[in-house]
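Trainee: Those protein sequences? They're chains Z and R, same order as listed. Numbering-wise (the working numbering), the first sequence opens with residue 1 and increments by one. Numbering-wise (the working numbering), the second sequence opens with residue 135 and increments by one.
Some hints could be false.
Unchecked claim - Below 20 Å or equal to it, Euclidean Cα-Cα: the simulated SDA-like pairs (lysine to any residue) are:
#1 Lys151/R with Lys73/Z
#2 Lys151/R with Gly115/Z
#3 Lys151/R with Ala165/R
#4 Lys151/R with Val83/Z
#5 Lys73/Z with Val90/Z
#6 Lys151/R with Ser112/Z
#7 Lys151/R with Gly139/R
#8 Lys151/R with Leu113/Z
#9 Lys151/R with His101/Z
#10 Lys73/Z with Val63/Z
#11 Lys73/Z with Ala60/Z
#12 Lys151/R with Ser42/Z
#13 Lys73/Z with Val83/Z
#14 Lys151/R with Tyr167/R
#15 Lys151/R with Asp14/Z
#16 Lys151/R with Ala95/Z
#17 Lys151/R with Val86/Z
#18 Lys73/Z with Cys117/Z
#19 Lys151/R with Ala56/Z
#20 Lys151/R with Gly99/Z
#21 Lys73/Z with Asp14/Z
#22 Lys151/R with Asp163/R
#23 Lys151/R with Gly140/R
#24 Lys151/R with Met98/Z
#25 Lys151/R with Ala162/R
Everything labelled a hint here was simulated from the structure, so no lab data went into it.
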Amino acid sequence: MTNETLEKLPSTQDERWLQSYYLVRAAVAGVWVAAAFAFGASVPALAAALLLAYPAWDAAANVMDARRHGGAKRNPTQAINVVVSVLTTVAVAVALTMGMHAVLGVFGVWASLAGLCSLQPPSAAGEATARNGR
Amino acid sequence: MILSGGQSMLVGVLFIKQANAPAIPSIADIAPYAAFGAFYFLISATWLAIAGARRRRSGRGAATH
């Protein structure tokens, strides 16, 4: 029981990791937005790369999160996010050959799905946040 | 999280509407959504920092050991 209790409580290190994880994700998203506004219209190739990088980075970040917190089985939300984001990356690649309408459609489906997922019970990261909040 | 989930769904519906509208969309239509994402991650990081500081102030390990 003691072990279980200890295991469930976030260590300070874990808390720090999560904090920098969120900060890195915020920074990457910020740079992405800046690049999209600065070069999106004038450099189509860069716009395409950014559109691909967005879901690809989300997949990579969720892999890091799940690995850090005990693997895919213990982090079902992250595991689902990885699968969905990888599929989205592939779908964006296909949509890019069809035009921006198709790309927006892919992002639309993805955002809706992501929204549905985060309305579900909290992820491991969310639980950690809730626990730390107590 | 519920707030961001609801917002994400709204944005998704909006994107799908734009995907079916005649005007050609651009990356600039997606960028504001990404900015919201950045904002939520910042909030999460800040919340963790505040919660951690509060816990340390209220006595380390009060809830743990």
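Trainee: Run every hint past the structure and note whether it holds.
Mentor: Status of the hints after comparison with the structure:
1. Between Lys151/R and Lys73/Z, the direct Cα distance comes to roughly 36 Å. Violation of the 20 Å bound is thereby established for this hinted pair.
2. This hinted pair checks out: Lys151/R and Gly115/Z have alpha carbons roughly 17 Å apart, not beyond 20 Å.
3. Of the pairs offered as hints, the one joining Lys151/R and Ala165/R holds, with about 16 Å between alpha carbons and a cut-off of 20 Å not exceeded.
4. With a C-alpha separation of about 25 Å, the suggested pairing of Lys151/R with Val83/Z is violated against the 20 Å cut-off.
5. For the proposed pair Lys73/Z and Val90/Z, the alpha carbon gap of about 24 Å is over 20 Å, so the pair is violated.
6. A C-alpha spacing of about 12 Å is found between Lys151/R and Ser112/Z, which places the hinted pair at or below 20 Å, so the restraint holds.
7. Distance check on the hinted pair: Lys151/R and Gly139/R sit about 19 Å apart at the alpha-carbon level, within 20 Å; holds.
8. A hinted pair counts as satisfied when its Cα atoms are at most 20 Å apart, and Lys151/R with Leu113/Z qualifies at roughly 15 Å.
9. The straight-line distance between the Cα atoms of Lys151/R and His101/Z is roughly 10 Å, inside the 20 Å bound, and the hint therefore holds.
10. Between Lys73/Z and Val63/Z the alpha-carbon distance is near 12 Å, which keeps this suggested pair within the 20 Å criterion.
11. Between Lys73/Z and Ala60/Z the CA atoms are separated by roughly 17 Å; this keeps the pair inside 20 Å, and the hint holds.
12. Note on Lys151/R and Ser42/Z: the hinted pairing is violated, with a Cα-Cα distance of about 25 Å set against a maximum of 20 Å.
13. Proximity of Lys73/Z to Val83/Z is assessed by CA-CA distance (about 13 Å); at most 20 Å being required, the pair is judged to hold.
14. In summary, the hint linking Lys151/R to Tyr167/R is supported, as the alpha carbons are separated by about 15 Å, within the 20 Å threshold.
15. Restraint check: the Cα-Cα separation between Lys151/R and Asp14/Z comes to about 41 Å, which exceeds 20 Å; the hinted pair is violated.
16. For the hint pairing Lys151/R with Ala95/Z, the CA-to-CA distance comes to about 16 Å; that is within 20 Å, so the pair holds.
17. The straight-line distance between the Cα atoms of Lys151/R and Val86/Z is roughly 23 Å, outside the 20 Å bound, and the hint therefore fails.
18. Our distance criterion of 20 Å between C-alpha atoms is met by Lys73/Z and Cys117/Z, whose separation comes to about 17 Å.
19. Of the supplied pair hints, the one linking Lys151/R and Ala56/Z is violated, its CA atoms being roughly 24 Å apart against a limit of 20 Å.
20. A hinted pair counts as satisfied when its Cα atoms are at most 20 Å apart, and Lys151/R with Gly99/Z qualifies at roughly 15 Å.
21. For the given pair, Lys73/Z sits about 19 Å from Asp14/Z by alpha-carbon distance, which is consistent with the 20 Å threshold.
22. Between the alpha carbons of Lys151/R and Asp163/R the distance comes to roughly 12 Å, so the proposed pair stays at or under 20 Å and holds.
23. Taking the CA atoms of Lys151/R and Gly140/R, the gap is near 17 Å; set against the 20 Å cutoff, the hint holds.
24. Taking the CA atoms of Lys151/R and Met98/Z, the gap is about 17 Å. The hint holds against a cut of 20 Å.
25. For the proposed pair Lys151/R and Ala162/R, the alpha carbon gap of about 16 Å is at most 20 Å, so the pair holds.
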